[in-house]
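Q: Sequence:
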Amino acid sequence: MTEMHYTLETKDERREVRLRPELLLLAGYTGRDTAAVAAHIEELAGHGIAPPQRVPSVFAVSGNRLTTADRIEVIGDRTAGEAEFVLFETDGAVLVGVASDHTDRELEASSVVKAKQACEKPVGATLWPLSELEGHWDELLLRAQVRTDKGWQSYQDGVLAEMLAPRALLAEVGGRVGDTAPHAVFSGTIPIIGGEFGYGDGFRVTLEDPVLGRALHCAYGIRALPETSL
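The sequence shown begins at 10 in this note's numbering and counts up one residue at a time.
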């Protein structure tokens, strides 16, 4: 496990925190609207992705896959980001960050687990305490953009009211794995605008708090490695 340094931003101060999650627990199909979740599963089936065995789903990825780097390297040109929030538990508190569950979409057709384990998971370097957000959590906005040869394109745009709230998410994941505190818990994502995966050489995610007038950011470039020998 690699220890990572983050900035904890509160209403009153900014200070460094160090975290070392053992695993990344990636939740999926975490929408509050069960009909919308079912529609999303059907949409993914159109891309050749098998339906989940259980909803919500939880996938385990090595903690070393988490990165705050400004670029990741992937295999091939069919990988894509997913806008998510991420939860860390430390010293009795829950901290919130913004991240991307970058996934190999080509591999996903044969194995969702391997597709998620194949890519690094970028996360923003600044975190907020959940205690400052719970009173207006549903008003937070989650957005993503992908950079293609046409420039930055809107990719996802929604409110967190669409997704399981943090305490409910931790309880759901904890019911599968027990104690979630040693791990980082990813939230699952919101619908893609237009329903089609977006591929490009850059991805960025914003978690905006309109009540307190602040935002978290996660942005990274994507370098596709050759799929054949040189």
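Hints listed in this document are in silico derivations from the structure and should not be mistaken for laboratory results. Keep in mind it's a predicted model, so treat the numbers as computed, not measured. We put the beta carbon where it would ideally sit given N, CA and C, even for glycine. Incorrect hints may have been included.
Said to hold, decoys possible - Per label pair, the in silico range of CB-to-CB distance:
hint, residue 1, residue 2, range
1, V26, R185, 21 to 29 Å
2, A224, D158, 24 to 32 Å
3, T43, T16, 32 to 40 Å
4, R27, T237, 38 to 46 Å
5, S238, G183, 30 to 38 Å
6, Q62, D21, 24 to 32 Å
7, A224, E115, 27 to 35 Å
8, E52, R29, 15 to 23 Å
9, A224, R185, 29 to 37 Å
10, A224, A180, 23 to 31 Å
Q: Please name the hints from earlier in the document that this structure breaks, with their numbers sorted from lowest to highest.
A: 5, 6, 8
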